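Listed below are the residues making up each chain.
2 protein chains.
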Amino acid sequence: MDEINLSEIKSPADIRKMSLPELTKLAAEMRSALLEKLSAHGGHIGPNLGMVEAIIALHYVFDTPQDKVVFDVSHQTYPHKMLTGRMDAFTDPAKYDEVTGYTNPSESPYDLYSLGHTSSAVALAAGIAKARDLQGGKENVIAVIGDGSLSGGVAFEGLDYGATLGTNFIVVVNDNQMSIAENHGGIYADLRLLRHSNGTAEPNLFRAMGYGYRYVNYGNDLKSLIEMFRSVKDIDHPVVVHINTMKGMGLPAAEANKEEFHYGGPFDLKTGTPLHEDNPKDETEDYSDVFAKGMLRRMKENDKVVTITAATPGVLGFDPARRKEAGKQFIDVGIAEQSAVDVASGLAKGGMRPVVGFVSSFLQRAYDQFSQDIALNKQPATFVVFYGTMFGMNDETHLGFFDISLLSNIPNLLYLAPTCKEEFDSMLDWAVRQNELAVVIRTPGAIANANPAIELLDDYSTPKYDIVRQGENVALIGAGSMFAFMEHAADNLSSQGVNVTLINPRNLSTLDSAALDTLKDYKVVVTAEDGIVDGGYGQKVASYLGEAPVKVVNLGLPKQFLNRYDYSELQEKCGLTPEQIADIVLDALK
Amino acid sequence: MDEINLSEIKSPADIRKMSLPELTKLAAEMRSALLEKLSAHGGHIGPNLGMVEAIIALHYVFDTPQDKVVFDVSHQTYPHKMLTGRMDAFTDPAKYDEVTGYTNPSESPYDLYSLGHTSSAVALAAGIAKARDLQGGKENVIAVIGDGSLSGGVAFEGLDYGATLGTNFIVVVNDNQMSIAENHGGIYADLRLLRHSNGTAEPNLFRAMGYGYRYVNYGNDLKSLIEMFRSVKDIDHPVVVHINTMKGMGLPAAEANKEEFHYGGPFDLKTGTPLHEDNPKDETEDYSDVFAKGMLRRMKENDKVVTITAATPGVLGFDPARRKEAGKQFIDVGIAEQSAVDVASGLAKGGMRPVVGFVSSFLQRAYDQFSQDIALNKQPATFVVFYGTMFGMNDETHLGFFDISLLSNIPNLLYLAPTCKEEFDSMLDWAVRQNELAVVIRTPGAIANANPAIELLDDYSTPKYDIVRQGENVALIGAGSMFAFMEHAADNLSSQGVNVTLINPRNLSTLDSAALDTLKDYKVVVTAEDGIVDGGYGQKVASYLGEAPVKVVNLGLPKQFLNRYDYSELQEKCGLTPEQIADIVLDALK
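In order, the protein sequence lines correspond to chains A and B. Each residue of the first sequence is one higher than the one before, counting from 16 in my numbering. Each residue of the second sequence is one higher than the one before, counting from 16 in my numbering.
In isolation and in its complexed conformation, chain A is listed as follows (with noise of 0.2 Å):
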């Protein structure tokens, strides 16, 4: 047998004509290049070592790019980067940056889509195989999915109506048995159910719904994989392929802790302890930390309040200790926004005082439920957003930058922008003492920053601006992590001997009218937000403003998807450093 020189994988082309020894130590030295490249690097570490077998297998029995293939989430396709064109990525620690960590279509034609939010890869493969079928060709569409993402509703819409095709389409259920965290959710005694029946029990969730089904319990098991997408190659009708793998395979300490796994920075080879834990926990407590330990306090002061999650509990800050310790008043409704804002929906018309914790960019998949089933049922449930910050995440599929314009334009529903980790627990606070208003609350930024002087609320149900300062002729309003940087331009003028008056807004959904009332005979207000300018809170501003002389300059983003921007160029570029804020004072008092 040949060494395999992974370096010479330029393409699939390379690796359809191994024979299957080769393919295996294929195998093992693509793991070992990820666990290299991970340990280092970080990433999606358990999703990848996963599926390195079922991705060589794929492409070692399908012709692509002419075959193709949907990766759900999409963040399991190292391997198929490595396969398709970019080992270098994976192998030489300098070019560890070429690739984003996600399919991207700019990379490789083997990538089909940017895709980051879970559950819409069926749909998606569906809609391509009725437009093979619509033009009469005969290529393999193949959707893979994780056992995962199969709660998400845009899954199951799409199995839905992929079973309607009645050709060719190749569904691809990666069951690893786990979610970021465990699964929740009745389909998952179904898909235990198979697998312990070695595929052969009913009831069946994918035969229910229309589709043939094949099962592997050897998942990882090369022959078997290449065996079994042989015989559903050019299959002419819908079929589902259930894979049993290990998530983490090859990495002792991932297969034991699946979850912490999911996703990490770089950790020991060895050992898989995480590196850079040097910090003690209090000096960089985030708002996860907060919330967390707020939640659990307010559980125990009220058994009414329960939290909630759509299968992200690490990002509210429950690791399985906090989660153990919240009991039955901690939810996990699974991969499934728009059925965590229903089932928060109907614990507040319960009597419950539900508390839902979401990441800025999913919780759009929620929209409808927050409009029709919250604001417009006036259901006084609790929405705390994460990562709602130009300083979060930064991959274009996972921007935190839309969820004020997406919605602060919702009737009946409260949006607060607390600014430091004393106001977001004390508007946290009021949020579940009230009973009558559905809440939103943004955390400001990652990184918990204190505030010890803030002026706090008893009551924020009605707007009413904080006036940090009185000043004349000039506003700033820095709208929650924005207000650091208001007042330090705030600093910055009165340095200069330009007096500012000083606002945080707190509200970003209803305008407090008094307060704007005194701006109108100033020479400038300006707005800074956490996201982008188009549809958000300082174009409310001027609009109230519109017929005042004051000028009004709406700071924030530029309604863009941007891809691993570098945190302070694009706050630069957006205007948003405290120099160049109070830059655009003086220009303005010209």
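Some clues are possibly wrong.
Which copy? The list can't say, so a pair holds if one copy fits it or any two copies do.
Distance condition first, Cα-Cα at most 25 Å in a straight line; then the derived DMTMM-like pairs of lysine to aspartate or glutamate [to be verified]:
1. Lys-238 / Glu-275
2. Lys-538 / Glu-562
3. Lys-605 / Glu-562
4. Lys-319 / Asp-148
5. Lys-535 / Glu-562
6. Lys-25 / Asp-236
7. Lys-535 / Asp-598
8. Lys-343 / Glu-274
9. Lys-535 / Glu-113
10. Lys-343 / Glu-154
11. Lys-343 / Glu-275
12. Lys-605 / Asp-532
13. Lys-393 / Asp-410
14. Lys-535 / Asp-602
15. Lys-308 / Asp-318
16. Lys-538 / Asp-602
17. Lys-319 / Asp-440
18. Lys-393 / Glu-451
19. Lys-588 / Glu-37
20. Lys-319 / Asp-249
21. Lys-153 / Asp-112
22. Lys-393 / Asp-536
23. Lys-393 / Glu-113
24. Lys-238 / Asp-581
25. Lys-308 / Asp-334
26. Lys-393 / Glu-487
27. Lys-32 / Glu-113
28. Lys-393 / Asp-82
29. Lys-605 / Asp-536
It is worth saying that the hints were derived from the structure and are not from the lab. The structure displayed is predicted, hence computed values, not measured ones.
Please arrange chain B on chain A, whose structure you already have, making use of the hints.
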């Protein structure tokens, strides 16, 4: 047996003492009253006629309102309203309008939610059941959902979560073998199999999701229903009760033509013939007609063009005859807005030219797919928005004035607002012709208005305002359906010696900065849009002109859920009549 006097039925307690023959007579009389009202008043015909017996049986067996029933979409709840204190609204023509067409908590404690979008009831009820469990309650919690609504992703999410409750949770699946039109999706083969096997077949979707399962083949037979509901009352685990009902039962025309009689206006009670169809079609052409005729032409000219609906083909003007004419180029994905968008994305990726038609209020269910799978991935699909107007649907659950602020703030998504049918056709022709951009086109109101003099473009990709009249000092910018009112206001002002610049902005997502720059020294710019001001088009203009001396006034709707409002009153309340617009200008010029 006593006579049944409908007017004596004030609450379910009044039917719980009835014998089966009395209940049967009650059902007949309720159906007669319903037919009388529906024939005179219109409304949801088929869904209510089919559910008379099941709703009687539910209130007969369960201790409502202590036992809680959430009705999905709630357009089948006229019989429920009759039994829960609102009989007069169905028997006294003077009171026909005293109840809404949906459940409404402000009407009755028996109505838990104001619901008009499908598929949410299971998740909502699951939340209510969870609240019960956490508080040690014992009441039954029931979700009633139709087969058509089952295809919505949130229905699946709710079923998936509900299965994990492990306690009393009853999902009644009202299977009338119809959505609004015929059903589409893999699950319907399973429902058919279950019906044809008297509920015994495998695979069984509901068992696969973790539910107990019971089947009632005669879902309009009170005895069968009562026995079944008694058998599951106080059950200690989640169960699906699948009932086979007859949509439109009791009105032969509705039984025979279920799609036409899903919802409709007044009809001849003997023949079912719709009334009020005096005007020949060509005089009352609406945008459904314009769209369908145009799409049939486009699909004939180019076999890559496809038209897609999520279960509302009638809204798109595609009646059964036109669907037949379109053949494979017409795709109905069922009530599944998310997959409608993703299937369109896949079709575009596969080289087709997809055009999806949506009701304004329903497209909000697919925000994440618009953002991630269309816009981020730059897929050249086209979306047409129907009823995106204050002059369309006026139930609080179906409002058409939120879509501008929802969609126009998504990057890479071009939101076009034609002002007349010529412009609509021109924009849609261009959208289907080009292959680069994702485009949303909003039909301007309901009735198709002509304007043969309008200036059309060959390419709408970059914002280019149509300066319809050049005046001085005053600009009126009227978006979409608001353009006509602005034009009348301009006439009004002209007659008073004020010559204004009149602008059709065409594009609501990106500003024509060159055109706006010419307005900076004007005295006043007024924008008007057929949607909420917050997050909308006008606020972008106010922000852009924020530093210029020009006054900016943004007209549009307040950020509120309104219910069954009067169109003219609302228009006046918003200052959107031509006279009011003229007065605003005159005031600003003072």
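Structure-based check of each hint:
no., hint, verdict
1, Lys-238 / Glu-275, "neither (30 Å within a copy, 55 Å between copies)"
2, Lys-538 / Glu-562, "both (13 Å within a copy, 10 Å between copies)"
3, Lys-605 / Glu-562, "both (21 Å within a copy, 13 Å between copies)"
4, Lys-319 / Asp-148, "between (53 Å within a copy, 11 Å between copies)"
5, Lys-535 / Glu-562, "both (9 Å within a copy, 13 Å between copies)"
6, Lys-25 / Asp-236, "within (23 Å within a copy, 67 Å between copies)"
7, Lys-535 / Asp-598, "both (21 Å within a copy, 22 Å between copies)"
8, Lys-343 / Glu-274, "within (20 Å within a copy, 45 Å between copies)"
9, Lys-535 / Glu-113, "neither (50 Å within a copy, 45 Å between copies)"
10, Lys-343 / Glu-154, "between (49 Å within a copy, 19 Å between copies)"
11, Lys-343 / Glu-275, "within (22 Å within a copy, 48 Å between copies)"
12, Lys-605 / Asp-532, "both (23 Å within a copy, 21 Å between copies)"
13, Lys-393 / Asp-410, "between (34 Å within a copy, 16 Å between copies)"
14, Lys-535 / Asp-602, "both (19 Å within a copy, 18 Å between copies)"
15, Lys-308 / Asp-318, "within (16 Å within a copy, 59 Å between copies)"
16, Lys-538 / Asp-602, "both (11 Å within a copy, 23 Å between copies)"
17, Lys-319 / Asp-440, "within (18 Å within a copy, 55 Å between copies)"
18, Lys-393 / Glu-451, "within (7 Å within a copy, 41 Å between copies)"
19, Lys-588 / Glu-37, "neither (50 Å within a copy, 76 Å between copies)"
20, Lys-319 / Asp-249, "between (55 Å within a copy, 24 Å between copies)"
21, Lys-153 / Asp-112, "neither (36 Å within a copy, 57 Å between copies)"
22, Lys-393 / Asp-536, "neither (37 Å within a copy, 44 Å between copies)"
23, Lys-393 / Glu-113, "between (48 Å within a copy, 22 Å between copies)"
24, Lys-238 / Asp-581, "neither (44 Å within a copy, 69 Å between copies)"
25, Lys-308 / Asp-334, "within (11 Å within a copy, 57 Å between copies)"
26, Lys-393 / Glu-487, "neither (40 Å within a copy, 46 Å between copies)"
27, Lys-32 / Glu-113, "neither (28 Å within a copy, 75 Å between copies)"
28, Lys-393 / Asp-82, "between (49 Å within a copy, 22 Å between copies)"
29, Lys-605 / Asp-536, "both (16 Å within a copy, 18 Å between copies)"
In summary, the structure is inconsistent with hints 1, 9, 19, 21, 22, 24, 26, 27 from the numbered list given earlier, while agreeing with the others.
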